[in-house]
Each structure stands twice: as C-alpha cells, then as structure tokens.
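Here the structure of chain A is known, so what remains is to put chains B and C in place on it, guided by the hints.
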Amino acid sequence: MSWMNIELILLITLPALTAVLMYFSRDFNQRVRNFLAVSGAGAELYLIVSLFIYNFDQVKNSNFFLQYTIGYQDTPFVINFAMDNLSLLFSLIVTGAVFLIVIFSTQYIKDKENRYFGLFFLVLASIQGTILTADLFTLYLFIEAITIFTTPLISFKKTEETTRAAMQYLFYGITGGVFFFISIILIYFNLGTLKMAAVAESFALISTPMQLTIIIFFLLALLIKLGIFPIHFWLPRAHSACPAPISALLSGVLLKVYLYIFMRLFWTMIAFDFLVELHLSAFVLDLALVSSLIGHVFALQADNLKKMLAYSSIGHIGMILAVLMLNTEAAFYGGMLHIIAHLMMKSGLFLSSGYLLQTTLSHHIDDLKGIGHKNRLVFIAFITVCLGTIGMPPLIGFVSKWYVLLAFLKARHFFGAFVVAAGSIIALIYYLRYISQAYETVKSESPSLKEELISLKAFFKSTNTMKSVIYTFTLLIIFFGLGYQLFEIPVNTAIFELLNPQKYIELVLGG
Amino acid sequence: MFNNLIFIILFMLGFYALIMKTNLIKNVIGLNLMEAAVFFWVIAFSDIGGEVAIHKMGEEVTKFNDPVPQALTLTGIVIGASTAALLLTLIIELNKFSGTIDRDQLEGLND
Amino acid sequence: MNKLMKKIMISVVLTGVAFALYQNFSLMPEYQGLNEGLSNYIIKSGLNDTGSLNLITAVLYDYRAFDSLGESTVIFGAVSGIVLILSRKMLPVSSKGLSFIVKRALGIMTPFIALFGFYVITHGHLTPGGGFQGGVILAAISIIFSIVYGSAFDYRRYSPQTKTLFETGGALTFLGLGLAGILMEGAFLQNLGFLTAETGTLISAGSIPYINIGVGFKVGAGLAIIFYSMIQKTFEEDF
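Protein chains in written order, with full-length UniProt numbering: chain A, 1 to 511; chain B, 1 to 111; chain C, 1 to 239.
Bound conformation, chain A alone (with noise of 0.2 Å):
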C-alpha cells in the first residue's frame, strides 16, 4: 500500500527524539552527548541516502514517489506526507549538510550544549517537516517553528548585538507568517481544502482578484523569510550575530529550504502561469535581481567578515530566485546547481570563519590582521571556498554561476547576465579585501606551509573535528566542481517534477 511508507514519520520524529534525549543530557558526559548528538543526525542521513539507494531505479526513471498518509485512510481529511523527487534532492542535501554542521558544533559549543542540541534538533526535524508536508496548515506550522526555535539560537551568545539581531528576526519572521496564515485561510475559505494537491487542481475556480491577493500574500511572506531586497536588513545581522555552526545553518541551509517552499507553492500548488499572468513573475524577477546587486554591493562595505558572507548570501539567493523566475529547463538546471553549491560553499565559508575566530579578538576586518599566517590550511581552504563562491573554474560555483549565465543568455535578459557577471566581479574585490588584509605581514613563529604540508605527521597532530570537517567542506567543492555530472540525474528528475506537477497531484489525491 502507498500509505504506509513510515520512513518519512521517522525522518521527521528521529530529530525530534534525539532533541528530547538531548534536552535531558545536561548530566551526560561530554563524549556520550557529542556520540549522541552525531549518531542522531548519522542515522537521519543513513534514513534518507538509503532511501536514495534503494529507490534510485525509480529515482532515475522519476517515478520515485512515497506518501505517507496521518489518518483516516479513505476519508478526505487527512494530512499527507509526500516526497519525490524534488523532496528527495532538497532532503539529501540539507541532510547531509546538517550532519556535518552537528560534527562541527560538538567541538565548537562549549556551554549549554545540552539546549543548543536540543533546539538545533528541533530545527532539523522542522526542517524535514517542511519539506515532506503536502498539506498547507502543517506547512504554515513547521515554517513558524523553524523561526521560533532558531531564535534562541540567534541568541546564544547572549550578548546585547546578538539580543537585538534575535527580536528582529522574530518579529519579521513572524509577522511573514501572519501573511502566511492568512493566505492559507484565503484559500481554505475559497476552496474549503488544505491539501496542496487539492488547491492545485481547483485553483483556477477562485476569482481573478482573490488569487492576486493569496499569491501577494504568499509572496510577502516568502520574500521576507528570503531577505529579498526591500526587507532585507533583518537577514546580516541575524546571521552574523549567531555561533559560527548557526550562521552555517541558517544561511546554507535554511535560505534553500525557503527555495524549496518557493518552489513547491509556485510550481506545484499554484501554477506558475497564474504568477505570469497577473504580472507578478516579471516583478519579482527584476525585485530579485536588484536585490543580487544590491546585496553584493553592501558586502563591499562590510567591515566585518560574517556581515560580508551574509550580505554575499543575499546577492546569491537573490540570483537563484531570479533565475528560477525565468522558468525555462535551463534556468531550473542553473538555479539547482546554485543551490547545490551555495549550500557548500556558504556553510563551508561559515564554519571557517567561526574556526578563524579562535585565534583573534573580532570579525572586524582589523582584527584579522595576520589571520592567514596563523592558520594556515584553514585559510586556505577559506580562499578556496571564497573562489568557488566568485565562481572560478575547476570549482562547482563556476559551474553553477555558467549555467545560470547561460539560462540568462538563452532567455535573452541581458540585465540578468550582467548581474550574475558583476556580482562576480564584486565578489573577488570584497574577498581580496579580506584575503590581503590576511596575509599582512605579521612575523609568526608558525611553521611554515612547506613543512606543514610535508610532514604528515603534524598535518594530523594539528587537525581536529572542526579543520577536518572545513576541509571536507572544501574537498566536496572541489570534488563536485570536477564531476558536476554526478547531480545530473537527481537535478534533472527534479525539475522534471517541478514541470509535471500533475503527477504529484495524482498521485497524492489518489492515495
């Protein structure tokens, strides 16, 4: 039977579990909560990748679907979970990213760890929630509890900048989810349904004007939680103020599960033919566009190293959510590599820049004066994250930004192209701004590189969790920049899914 894939109740409860197990280790020995910590998110990777594995016949003729129905089975009110192809990329990727975030953070979190795994657990099991939902309210549910538990994690450092980026992250979290609700509330009174499968196929029925107002509303609230340009300024202090792992999580991470929602409500539930009819497509486009420049342009002023990553991260997302707006195959093949490899990158560019802190005062670019003499392969591992973020060649991000370059070109909008170029080009100035005030001379005492490098036997002395996991960070980037091929198949199904939404209709209607 279709109903009883119980492998997505368990992808959604494990986290949760593991939060409540970890809520009570505050007496734990630090070993057995770090093991803890680690095999929960380890058995939530081995659930999804073998999940892949075992599918991966289906995965590859995209007729992958498992659903999972909370319920009565054969009355109309129920809650579905469905996951295809589509789910099942975004879920292997934030999985996988996530997992090595927790590596990272049982060494970088020294107090509370027992609430900051706690939280960082619920987070995840939000997260598939999200992504694994087919029914609107439960969605609206798990967006607003990814917002409340990331709050205190924003928080953690208890400082009074870090207080501050924290309440204004909630009340513009929250306040797009007020929108949120009241677009799910439109449509229940319209359609008298929750299921997005449901409102898929009767959209149509609802007046021209109340679909403009659901889609506005939708929108608002997603554009907010994606810091496009006129909302923005929540999004560099939130994600500069918080622990390194944190930033990773809320800006490699989180941003494309917004994607994903984006996706899922414009592609899947509400046909993109009603956003481009009413106008909205081509708004949103040039809106998202701006703001890609408009965030790279204000990483140039930033003084300080994790405001710049995340004032980077809105010039990129803004990229991906203008080239996703083309809607042409193209596009959607640059816009999920992009997503790909900023999910990389970005947590790649985090958790060093948290390792980095170690060893001086501040981010402030002052302060790290010398930086790259003291750590030296951290900091060249950050270069090379750094150039595969700029986009250059044997790294994903170069594969990434061309075939977002192309999707530009072949859709004839040249604005597009040349935001992609210039934001790569802005990109190299503000890094090299950071790199070189690294490598100002500072005389250190440190080995140098060649010996570093030459004997192994202080390259392992030297490395711990937190290097090793940067350094796999990187070497997947690199890895992934030469066989870019190997996401050919997942990506490509996936966009499949996105066209065909009416396979996932069916089949979740059908049961």
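Simulated from the structure, these hints should not be mistaken for laboratory data. Just so it is clear, CB atoms sit at the ideal spot from N, CA and C, and this is done for glycine as well.
With a straight-line cut-off of 25 Å between C-alpha atoms, the simulated DSS-like cross-links for lysine-lysine are:
1) B:Lys-26 with C:Lys-3
2) B:Lys-96 with A:Lys-157
3) B:Lys-26 with C:Lys-7
4) C:Lys-44 with B:Lys-56
5) A:Lys-467 with A:Lys-374
6) A:Lys-112 with A:Lys-467
7) B:Lys-26 with C:Lys-6
8) A:Lys-110 with A:Lys-374
Pair by pair, the computed Cβ-Cβ distance ranges are:
9) A:Glu-506 with B:Gly-50: 30 to 38 Å
10) C:Tyr-41 with A:Ala-421: 52 to 60 Å
11) A:Leu-205 with C:Tyr-41: 13 to 21 Å
Calculated Cβ distances over 12 Å to all of chain C for the following chain A residues:
12) Arg-33
13) Val-49
14) Asp-57
15) Gln-58
16) Ala-200
17) Val-290
18) His-364
19) Ile-380
20) Phe-415
21) Glu-488
Chains B and C only, in chain A's frame:
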C-alpha cells in the same frame, strides 16, 4: 461584510503599531493585534449561523458551524502565544543590556 | 516635522491598502468550507469515527493530531529557548505577597480553580475545552500564587525541575500515544480503537482524553516555567 471591515481596520492598526511605534512592547502588542484580527475574522467568517460543532447527547442538531477553522485558530493562537513570550523575553534581556526599550534609543534597530 | 510626514505617509499607504483589501474581500463568495465536502464529512461522520462529541477536539486530536503534536513541540521549543535566554541561577525570592485576607480567600478558592482546570482538561471531548485551555487555567494558578503568596511560594513547592518533568512527561505521553498508534492501528497517531467506550462517557473517544491530559500538563507546566523565568530578573535587583 462588517466582519471584513473590522478585520481590516484591526489588522492595519496592528501593522501601524508594529512599524511606527518606537516602544518595543507596543510593537509586540501590534503584532498580537494583527494575529488577533486574523483569528477573529476566521471565526466570524466561518460562522454561518449554526450551532457550535459539539454534539449534545439526546439532541439532534441540524446545522453546525465548520469546526475546522476553529481548530486551525486554536493552533494559531498557541503559536502566537509562544512567539509573544519569546519576544517579551528578548525585550527583557535587551532592557538588561541597554536599559531602554525604545527603538529610537537603540541604535541600529530603526533602519 | 519629518516624523509627522512619515506618519502621514504611512497612514495614507495603509489606508489605501486597507481599502483595496476591503474591495477585494467584499467580492468573496459565501462561505465555501461546508459546501466542499471536507467539513461536511467531519460533521456527518466525525462522531462515528472518533467517538468524540466535541468535533473541534476530534479535529485537533484525531484528524489533525499531527498538527497538535507539532504545536506542543513548538511550546516545548519556546520554553526551552526562553529558559536558555533567561537562564540565571537566581532564586526568585522577594515579595511577601498580599494581605492575610487575600491569602485566606485564595486558599479556599484554589482547589476549585484547580478542579475547574482538570474538568476542562478531562472533558475536552465532551464539552468545550481541552488540553490547551485547561492547561492555561492550571498555569494561571501558579501565577496567582506568585502574586498572592509571594514569589517564592510556588517556586519552593514545585521547583523548575518538577515542572520540566511535567512538561516533558506530557509531550512524551502524546508522542507515545502516536507511536502506539503505529504498533496497534498501523498508522502514526491513529486513534486507539480498544480504548473506545460508550459515546458520551468520560473515558471514551479512544486516546483523545489521554492526549488531552498530556497536553494539559504540558501547557500548564510550560507556561508556568515561562512566567517564572521572566520574573527572575526583577528579584535580582531586589537583593
């Protein structure tokens, strides 16, 4: 129609308080007012003049109001309460650091 | 002057948006929820399916039980976060409370308030009410105690650890009933059939009353924890 009018007025008042007032507590009140307006509207709009959706023993009721929006509203209220508590907590914490809850005096919050 | 201009501009914009929204909403058709089958179905067969007289409770804890689980997880996370943000190792001791008369009167009233809270919780499937509503009443007792008897009263009797235990116990009751649904009925959070009794009695409607009790304790303890975390700051100054 009257429901819609009250909903929109309350919602806009809440939104005004959220973006224009400088007192952070007033902002929280504005946010809660927005939420309350939406919840009020949900309940009022789904009222089609029937009974509350609770069966009574030994009585046959012919016309019920829709129970689903009420259940959704209950969930929404709980989320709203959690966020309000979290926001107030952060304001308490901020007051401890800077001794004020006025947005104008907290630099960098008002842009 | 600049500020006034800003205020006027925002007001004008908001009025415009409000007007547009009103125009839009006035075009809305009559209420669709009941015509489209979904809620009609619940009204028709909700009693048969769940055995709960209160259909709203049936929606909350049976049809959409997953939402309620997520919702109580939200409270759990919010409480955890608030304790994380406000964690100070201060015993909240300050006021001695109100006068003797108020204390005596409240001493007589408290059992009845508690009884009412438990009534609302346990009769969630029969009459208006349920776990959330009753839990709030229980939390109110704790708050009244801190006002009337002084803030240390409640703290000494029910320490935060006890409250946390209640809270997690409630959450785990809910989750455990959900997992029991997998084992016994074959689906997560399915109503447990063997618990069903004659409709209208106190212990009927499958697992709904037990979920109600779990949620009630959870919400009551959670809100009390939030309140006591928040008032700690005040007492730090009083020392």
